[in-house]
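S.K.: Letter by letter, the chains look like this.
Protein chains: 4
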Amino acid sequence: MRSENKLKILNDPIYGFITIPTTLLYDLMQHPYFQRLRRIKQMGLSSLVYPGAEHTRFHHALGCMHMMQKAVQVLRFKNIEISNEEEQALYIAILLHDIGHGPFSHAMEHSIVENVQHEEISLLFMEALNKEFEGKLSLAIEIFKGNYSRRFLIQLISSQLDMDRMDYLKRDSFYSGVAEGNINSERLIQMINVHNDVLVVEEKGIYSVEKFLVARRLMYWQCYLHKTSVGAELLLAKILKRAKQLTLQGIDLPASNALKFFLENSVLKADFDKAVLNNFALLDDADIYTALKNWQFHTDKVLSYLSNAIVNRKLFHVQLVTKEEFNSRLDHYQALCKEKVQVRNEELDYFVFGDKLRNQAYDLKADPIRIITKSKQIIDVLEASDQYNLKALSEPVYKYFICYPKSIHKN
Amino acid sequence: MRSENKLKILNDPIYGFITIPTTLLYDLMQHPYFQRLRRIKQMGLSSLVYPGAEHTRFHHALGCMHMMQKAVQVLRFKNIEISNEEEQALYIAILLHDIGHGPFSHAMEHSIVENVQHEEISLLFMEALNKEFEGKLSLAIEIFKGNYSRRFLIQLISSQLDMDRMDYLKRDSFYSGVAEGNINSERLIQMINVHNDVLVVEEKGIYSVEKFLVARRLMYWQCYLHKTSVGAELLLAKILKRAKQLTLQGIDLPASNALKFFLENSVLKADFDKAVLNNFALLDDADIYTALKNWQFHTDKVLSYLSNAIVNRKLFHVQLVTKEEFNSRLDHYQALCKEKVQVRNEELDYFVFGDKLRNQAYDLKADPIRIITKSKQIIDVLEASDQYNLKALSEPVYKYFICYPKSIHKN
Amino acid sequence: MRSENKLKILNDPIYGFITIPTTLLYDLMQHPYFQRLRRIKQMGLSSLVYPGAEHTRFHHALGCMHMMQKAVQVLRFKNIEISNEEEQALYIAILLHDIGHGPFSHAMEHSIVENVQHEEISLLFMEALNKEFEGKLSLAIEIFKGNYSRRFLIQLISSQLDMDRMDYLKRDSFYSGVAEGNINSERLIQMINVHNDVLVVEEKGIYSVEKFLVARRLMYWQCYLHKTSVGAELLLAKILKRAKQLTLQGIDLPASNALKFFLENSVLKADFDKAVLNNFALLDDADIYTALKNWQFHTDKVLSYLSNAIVNRKLFHVQLVTKEEFNSRLDHYQALCKEKVQVRNEELDYFVFGDKLRNQAYDLKADPIRIITKSKQIIDVLEASDQYNLKALSEPVYKYFICYPKSIHKN
Amino acid sequence: MRSENKLKILNDPIYGFITIPTTLLYDLMQHPYFQRLRRIKQMGLSSLVYPGAEHTRFHHALGCMHMMQKAVQVLRFKNIEISNEEEQALYIAILLHDIGHGPFSHAMEHSIVENVQHEEISLLFMEALNKEFEGKLSLAIEIFKGNYSRRFLIQLISSQLDMDRMDYLKRDSFYSGVAEGNINSERLIQMINVHNDVLVVEEKGIYSVEKFLVARRLMYWQCYLHKTSVGAELLLAKILKRAKQLTLQGIDLPASNALKFFLENSVLKADFDKAVLNNFALLDDADIYTALKNWQFHTDKVLSYLSNAIVNRKLFHVQLVTKEEFNSRLDHYQALCKEKVQVRNEELDYFVFGDKLRNQAYDLKADPIRIITKSKQIIDVLEASDQYNLKALSEPVYKYFICYPKSIHKN
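Going down the list, the protein sequences come from chains A, B, C and D.
Take the first sequence: its position 216, counting from 1, is numbered 216 in our numbering, and each next residue is one higher.
Take the second sequence: its position 344, counting from 1, is numbered 344 in our numbering, and each next residue is one higher.
Take the third sequence: its position 205, counting from 1, is numbered 205 in our numbering, and each next residue is one higher.
Take the fourth sequence: its position 139, counting from 1, is numbered 139 in our numbering, and each next residue is one higher.
Honestly, the hints are just simulated from the structure, not real lab data.
Worth double-checking, as some hints may not be accurate.
Chain C stretches covered by chain A per the calculated footprint, using a threshold of three residues with CB under 8 Å from any CB of chain A [unchecked claim]:
no.	region
1	173-184
2	214-225
Label pairs and their in silico Cβ distance ranges [claimed, not checked]:
no.	chain 1	residue 1	chain 2	residue 2	range
3	D	G146	A	K8	45 to 53 Å
4	A	I9	B	Q319	15 to 23 Å
5	D	K269	A	N84	52 to 60 Å
6	C	E81	D	R344	30 to 38 Å
7	D	E203	B	K391	22 to 30 Å
8	C	K301	A	D367	52 to 60 Å
Some residues of chain B that are not near chain A, with every Cβ distance over 12 Å (derived) [what the hints assert, rightly or not]:
no.	residue
9	D12
10	I18
11	F34
12	E114
13	K131
14	D162
15	A237
16	L268
17	A335
All of these numbers come straight from a predicted model, not from anything done at the bench.
Positions of the beta carbon are idealized from the N, C-alpha and C atoms, including for glycine.
Same shape as in the complex, but just chain A (with noise of 0.2 Å):
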């Protein structure tokens, strides 16, 4: 299955050590198409908080590929038959789920490819490589897609304790310096099982699951949800949504080739097609920020002052209300940068705006985290623990906030 000459290990201040198990996935990592998440931040905006939440999608990708390496050993040590085909299939697909990505997505993903997920962007870029490689992918497509008979194999893919959360909880607390986020992944692997062909966890290592839900529900109150970082991002779909607005109105603004094209196109799902994915595939951090360096200087005055905004790290003040309060505090403050900062009516929205937050650390609705009793009955995890601790995590939390920029409170 490998040869030497391909035969890889990359360093990995987490683990140690990556493998690369495979010459088929030694060629789907050299591939273009994967070598682009190297300059896709995993946390996007997160380092304008977090200086240490540099770490690109690529190294998470493989971080996952290295986490579902440990859960096929475990799996295979408890007696569950794998076979070569689905082993090489699980770490295609794991290494692959995020290739679909963009740079900054939840800003993109409100700007530039309007409703287009980037789960459906990850399927494109599999079928594409799919057609290169011959149909050496088919297999780990299907497990991608949920099409495949061994249901705890789409699981080890995609549920609420997969190998894409084992990574990134552990990589972005380490990256970040969150230490509140830090979980066992090795050691939550060693309790994962199969009965009746679905994923359960080992009723000792019910505290483990415990501890990856609570390190969840702080992560994202830290980093993901973190006001901040999610002010910047609100940012950088205004400034994305000003671009496209302005380019619609014919005027041209500098920005790379492949970030052009999505400025003056309107691109759906059916666009999709290899001409628009090759496109897509060009686009990274770097094409965003040139734009911005560039934008901050531009005449509009909407562009110019949100750009510079996010370049030197003038952020918007992230202010929390209650949601009673949200409309009539939009109002206010939208009066104050009016005045303030002098902005037109029209634009208002651009300087002044809001969203809510949602924390949920556990899912009652999704497929549940099961613990198998050494009687071998099967539980959700909820009933399994021995107290509310673990129901008070499914207990989706909201908050809300308003941006505006700091001076509208300077005289």
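On the provided structure of chain A, position chains B, C and D as indicated by the hints.
M.R.: Then chains B, C and D, alone, in the frame of chain A:
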């Protein structure tokens, strides 16, 4: 010295927390000149070899300041007097010591900003900031230039045991995952002292110094001089040289405004006025990557071939050779390349090229690392060590290599 | 406050270094009363379950002092005044807070030194030391007893967020390898402050408190209340009880002089004069292990059977049962045991016994952990949290178990 | 090969988890001969210097087995055939290689069990176990004795790059907190291979070997040969020698039965029958500590003075001297001691004594560490390195020292 409002704590995966000690330092950090370091990777193209090495010069600068805070604390604990003014100057000088780095510094210094060293540009930035901050950086600049009366303060900023090295060896080792380079910076700093105005290490710290020098040597071979990343850097220097050449020929290459400026102008040190500096301050890794991605499709074969090699990680083969065979091997590979890749004579230097690497962990001719014995004698660390081990580390080692496209070996 | 000669730095795998701040603290550490803690393991018999958990009460005491140094540093940085005398008293009080622990404390307190708690013995030791050190511990003793006027100093020594917990959760998690219990003590300490003489945590630290309480809960289940080590502890208590019983019957058991003293005498708190204290100070883990090794060959079957169970790790089975079935299961196993192991009726309690475990991460009735909001309001952490999660942690959870020899299941 | 019931996973703070691969290994671990290693500290009296160094020979043995599992995995991945029987024999041999250690081995070997080395006793234990386990250890014993036909298997157990060193350097560095000794064992093991039946390291691993040898050198100076702990060890050897002398004179010293046996009998290798072995198996650190605590009050001044020095950490001063001045300094301190501590002539050797330390990181005369180049040449690591650095490490370095009571400097 601090106003609560600006008092900030930053997360660092290595040290836990970094505290910003004064509002002046906070304000300097907020300046666009410093914020740009967020977009320049500390290890340049090394992430092509070590995917974790994505950390920025911004984070390194903060880490140096943190190490300096430890050093001040240790020295004061040992009754060395350091005034509050000197303390802050130390923090400023170390925070800004690398502010003059451009993106992919080594490649740049041999192509874009020829004959101007990053230390010189750092000083230009500091002086510009000193004007803006009304002279508050004057003492820091004196120390940085090596003009201050108290010698050990200068040594903390720049010497064979300065706070820069304390942070970068540890940080680069941490993020690259090359454990051989991990040093115990805090332990080393615990061991420093001052005697007759000169920085010394207490005798019991001699093994820590030995470990530090060995780690430095290993980091050079495994990271800074890793042949693949050195080869990639040379490749980038060739690309920038070609781009400049084409630009001089009147060919308009797609590039950001800032990059265009440096392609169009030969900038000497004397030319570095405020406007040039501001242009330089707009340059970062994103400009280079965006350009390379555009250039990989350019009609100039040299430009597109080499750009593609970096963007899609189709790096050249890097062959170690002896000093004696260097010239003949270079001729050999150029001939091969001419035939296989169909390169014109005058472009051969862009496709087949070489250089030498130099590794010297401890420089005998520079200001030595001094050990203070229990009887208060000062001796060079080489004399203090119990064996030839350290002496060996002061011998420079050279390696020669040649880079060429992998395709010249194909049929 | 310090003389160079005695100024010491100690290595700690967790914190890197621990500095001894004053000569008085150095001298206290050198005292045989304190040095004995080197021979008492922090987690008693837990190393039978977690082989890394061999760390001593000596090291924990130093770790607490180190945490206290951090706390003092943080509070002073926030302009809370702490005099040098108070500072040293804090270090003394936390260094000595556990000095009254005997070997395998939990087993001892139910057998050898009945009805005298280790806190009381700690106080006796402190008072004896205070005499030797001519009153220099008086302030520390006031704080330890909770009598001092400044309440937050008392809370740093003993509360639901004291420096003892800061160290032991981290240390026990580190050495046992139970990663679920790892807390970020330094981060938590960064967040403390004092308001109206009371210890508070700043609002942004609320997730760190949540993590801390969850970690505490998990450490209880996985370490402190691990059924196997709790079972081993009960076994040891039974052995000591039996040894005392046999001694009362005039049977001379091999034992060190110190252990013999406590086997021969029923020591109440009132009996604890200097001579008794000195005898107690001679007791450590070695006395117990040496005795057990001798006793495993004793003619008394109870003594030898149980001693062998610990020495050679032939631990009893520990069966979790419900509260309701506890009594009937106890009867059942005693009957089985009587038959299979041939135990006499009056000795059955030595072979089959049970107890209940209680886990409550946060005590609603004790002094609460207080959060201070940005508007300087003080609220209980339970109120400050955004969900039921923390409330759940204040519900005590009970588990019942029964221990019996594994051999009763054999034919 | 494994029965689910006995399949166990153990926590290890260093590696995360250690898996017990077969039931035979589980059963060997449960044997009292092996369980006793729980009560013997790996680094003896070093915890008097490094308070974290409380880890046991039990844990080290498990760590070695874990390293061996990694080595087998790596070699098989590189297509080196290792049969299941050989695999298990490797695990057994490395698990038991140190089973013959008594408590405070170095002190013991020069006093209690004179002229019998721990390797010989290890072999005696293995042979006794082989009888009990009906010959299942025969292959392991062959390998341990160096008699097996496949040489690299022997080298994995015992050589300058064996799995013993892989674990102990890492483990001792971890627990002592001496970061200079931290090696990347997993990385090194990734680099091993077998060529012509001999263990080799791949060329790219040369820096890891260099780091390993330097770490070894530093660990010797900072831990194993730390003058304070070497001094404490000599002190203990003196105590045991005195105890034996007094016992021979008919004085009955309090001691456990096992210790008494070795005080009363001069045991040569030929005397080591099953009964002696069983007596030896009862000895551990607890016997020594319990004895020392009793002996500190003995009427024999030598015994009580020295015992008190260890129990209460009133260690002797250890003075480094040159080889030339050794004898004269020894005379000088003996004369001083005679006067100040009032020691009789014939007892002076118990109070003032010295020795030499020897540190050689790499032994030129032993089986070398072999590097395999890309062209499959085998060369000694010294030849493969690019400088004198490694050659220097093969020079033995000697230091001379003298120990004496600190009180001889008082008036």
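S.K.: Tell me the hint numbers this structure goes against, listed in increasing order.
M.R.: Hints 3, 6, 9, 10 and 11 are the ones this structure does not satisfy, whereas the remaining hints hold.
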